[in-house]
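S.K.: Here's the letter readout for the chains.
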Amino acid sequence: MRPHDLDRRNFLKMSALAAATALAHAQAGLPDDDALRETEPLPDLDVTWNKAPCRFCGTGCHVQVGVRDGRVVAIAGDQLADVNKGLLCVKGYHVGMILYGKDRLKQPMLRKRGVLEPISWDEALDIMAKRVMDNPAGFAFYGSGQWTIPEGYAAQKLMKAGLSSNHIEPNARLCMASAVTGFLSTYGVDEPAGCYEDLDECNVLIMWGNNPAEMHPVLFSRVIDRRIRGDDVMLIDIGTRRTRTTQYCQHYLEMKPHGDLAIANGIAHLLIKNGTYDKDFVAKFCNFRTDTEPTTLNGQAIDFDQYKQKVAQYTPEYVEEVSGVPAEKIRLLGDLFGRRDVRITSVWCMGMNQHTRGTAINRLVHGVHLLSGHFGKPGDAPTSLTGQPSACGTAREVGTLCHLLPGGRLVAKEEHRRDCEQRWNLPEGRIKAEPGYHTVQMFEKFCTPTDEGGDITTVFVQVTNPGQTLPDVHRLLQAKEKLKDKFLIVSDVYPTATTALADLVLPAALWVEKNGIYGNSERRTQQWFKMVKPPGEARDDTWMTIALARRLYDLGHPGMKDKDGKFLFQVTNDAGEEVPVWDWEHYYDVNVDRALYEEYRPFTHLKHKNVAPYDELVQARGLRWPVVEKENGVWQETKFRFVAEYDPFVTKEEGVKFYHSVTEDNRALIWFCPWEPPEESPDSEYPFWLCTGRVLEHWHTGTMTMRTPPLKRAMPQAYVEMNRDDARKLALSNGEIVLLTTRRGELELPVWIDGRGRPPRGTVFVPFFDERLLVNELTLAAIDPHSKQPDYKKCAAAIRKISHTQTAQKT
Amino acid sequence: MPISGLVVTIQRPIECGAEVMRRVQADARFTCGEPCGDRLPLVLEAEDDAAARQAHDWLHSLPGVAHVDVAFVGFLDE
Ligand code: SF4
Chain A
1 MRPHDLDRRN FLKMSALAAA TALAHAQAGL PDDDALRETE PLPDLDVTWN
51 KAPCRFCGTG CHVQVGVRDG RVVAIAGDQL ADVNKGLLCV KGYHVGMILY
101 GKDRLKQPML RKRGVLEPIS WDEALDIMAK RVMDNPAGFA FYGSGQWTIP
151 EGYAAQKLMK AGLSSNHIEP NARLCMASAV TGFLSTYGVD EPAGCYEDLD
201 ECNVLIMWGN NPAEMHPVLF SRVIDRRIRG DDVMLIDIGT RRTRTTQYCQ
251 HYLEMKPHGD LAIANGIAHL LIKNGTYDKD FVAKFCNFRT DTEPTTLNGQ
301 AIDFDQYKQK VAQYTPEYVE EVSGVPAEKI RLLGDLFGRR DVRITSVWCM
351 GMNQHTRGTA INRLVHGVHL LSGHFGKPGD APTSLTGQPS ACGTAREVGT
401 LCHLLPGGRL VAKEEHRRDC EQRWNLPEGR IKAEPGYHTV QMFEKFCTPT
451 DEGGDITTVF VQVTNPGQTL PDVHRLLQAK EKLKDKFLIV SDVYPTATTA
501 LADLVLPAAL WVEKNGIYGN SERRTQQWFK MVKPPGEARD DTWMTIALAR
551 RLYDLGHPGM KDKDGKFLFQ VTNDAGEEVP VWDWEHYYDV NVDRALYEEY
601 RPFTHLKHKN VAPYDELVQA RGLRWPVVEK ENGVWQETKF RFVAEYDPFV
651 TKEEGVKFYH SVTEDNRALI WFCPWEPPEE SPDSEYPFWL CTGRVLEHWH
701 TGTMTMRTPP LKRAMPQAYV EMNRDDARKL ALSNGEIVLL TTRRGELELP
751 VWIDGRGRPP RGTVFVPFFD ERLLVNELTL AAIDPHSKQP DYKKCAAAIR
801 KISHTQTAQK T
Chain B
1 MPISGLVVTI QRPIECGAEV MRRVQADARF TCGEPCGDRL PLVLEAEDDA
51 AARQAHDWLH SLPGVAHVDV AFVGFLDE
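Residue numbers (the working numbering), protein chains in the order written: chain A, 1 to 811; chain B, 1 to 78.
Derived from the structure by calculation, the hints contain no laboratory data. Any given hint could turn out to be false.
What the hints assert, rightly or not - In silico EDC-like links for lysine to aspartate or glutamate, alpha-carbon gap of 20 Å or less:
# : chain 1 : residue 1 : chain 2 : residue 2
1 : A       : Lys-102   : B       : Asp-49
2 : A       : Lys-102   : B       : Asp-48
3 : A       : Lys-279   : A       : Asp-305
4 : A       : Lys-432   : A       : Glu-414
5 : A       : Lys-712   : B       : Asp-57
6 : A       : Lys-639   : A       : Glu-201
7 : A       : Lys-712   : B       : Asp-49
8 : A       : Lys-712   : B       : Glu-47
9 : A       : Lys-13    : B       : Asp-48
To be verified - Footprint (simulated), chain B over chain A, 3 or more residues, beta carbon under 8 Å:
#  : segment
10 : 13-23
11 : 63-76
12 : 79-93
13 : 707-720
Even glycine gets a Cβ: it sits at the ideal position worked out from N, Cα and C.
Between the sequences and the hints, there should be enough to build the whole structure, so can you do that?
M.R.: Okay, here's the thing in structure tokens:
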């Protein structure tokens, strides 16, 4: 071993012991955390430590990133972070490795005669600008909940303020759009009232179609840790298959797909029948609504008696018939919600959102909390979780969805458009009133011949991988290959299923190779600084957007100027001089993230989502909005919204106030939405339910985690999870290859019986992380009518044994 | 050669911890820190990822171990 290696080794050992000791002290509650934080710093040894949120899920854990000689060399859980208190999951503590996969994209590439060939950034920008100038209305921008807030804000401004086009979407449409419509139609404003502290305070935790043991492991460990300490917490899993989460739960309620709607209505029915609903809370703070036929976002007002009549049919026996959950379990839920002496937290994620009745089930879960008064106290809350690190911050708050403007404004509302035009100093009428194409529509239009109405001709994709995540991906993206006038631009860090279809590939900086700001699931805005250089010619996504805008400005596109003729993305230094940030050489002369974020920040005040100033974020491990400045100059975050004790916008006299109420009387809405069968159900030809999702080791499409050796080794490829009885009936054993077929495609996969999850008879599960086995070629593109979110959790499938070989492949 | 900082949570009553401590201290792969209540901080040095995972699983399987958390991962050699 060379001396240098020994030095590194000692450094790593010292760091490891310091981090473990600090975590042990913090977990044991000894000594006082603040004192510990001062006495147990991570060792220095030429290593610079800095904070960043984890790159992966919406939990938003903070890590300490150790950098030495321009390279990330170690990751530790951040002891100062309230979200994770020094803990990380298996993905989080390997997050540094995502930067160093061998096939990082390092140069722009243009497809010539079917092959991607290197070109310069100048050429790439010229090509992009020409595509936009030739057909601005045919240009669409597709990003994600992994866009940082400044990245999303810049993309939003380029499209809505610059090109007068609303054809911009984040992939968050595919993961949390139903949560948005659920919050909006219940409270009149998006995002949860509660926060992760609900997990520390609840007596009952209900997971609706949610597997946090694998998908939000650090949050789940907060609850399990309480149990280890002797706290009495009841865990209830309502789902369509047994998962790792189920193993920890006292009650597992296995439901048929869509059974959740009946279960929620059944709870409401019992609360009323037993007289255990919270009459005072309902009388003071709630109104009632019902879904209509055809369904609308705001439904129809009804009174309590009409509501009572509508839920009356959802007796425990009827709910059992429809959902498959035994009547006594429905009574158990009804009794729990009827109790005043327990605090109940509901959490959910994709199970309720990727659902053709996603808006409805979101409303109903809010409804049972409101009806029972299990709302507004720590531990008593309905809280949606997000899968991506900034689905809340960038997709929902910045408003990168096709119908939104920043800060919860709507493109369809004239006063909101005028307000944005004023803030952006644009001529009146610049922002278009008609919402753009939502995700499924956008890609349908892109994959339809132009002369047949396919009016989207160029799509610019940043920070996401629709070639793997779109449902029915043959039709929604792969079909583009036959259409020669369509042009796909993809910015990414590694080759993906999407770059494989791209005409122009742009190499992007990743995570701590750039400045960034994320907003996690609990309204927490989190900032980090660039720590290492991106490889080769990889550059920031915000820079790409600004550089494209500048090319358009130079070509004379009128939208790239404000009404005083200034460039739309003018950034100045401390002396007030314009910095040419569109020139990469000067991009980091100023902090562009800070400039864009501070421009965006006032937009957040309209809906009382006041985010903290940038300089406050620099000091903190994230702050939960609304963040308001107190008289003593301290910026105060908000743990629980709408209640006087915590929310600065509610007075003591008001107690509880839904200040953006749909009915404009400060009340929330309790909805009735009927159970309805799924869009596609098993039949004699396709006798199985197919459900898709994630696994602990891999994040989303595996672009990063499949390049992290320990994670790839732990879970090297996708599989089809089957029930033992079904497997026996088809004479299948573990590892054998089957052909999984739906009406949209087929895929060869190895069988895993009684593996990670245990589906009931008639159900199979396939994870979507493996780009060699694209399960989204099989999924259904049916969408929720309000949220436009597809349902990846249920469609009809068939299974046929094809061989005994162990190597699965795409057919 | 991966190096990680781990925290072992001992099941209650924490007297079970004595045996866990003895077995971990006797194992050359681990360097123990000062125990803190029911938590034992330690460093794991393993030959490769597979060995690290194996050691992690072994810790998990010890009678008296409730939980193993990871606090730190150094991956200079990956
Ligand atoms: S729970 Fe999510 S945010 Fe936390 S470490 Fe794991 S992947 Fe990262």
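S.K.: Could you check the structure against the hints above and give me the numbers of any it violates, in ascending order?
M.R.: none
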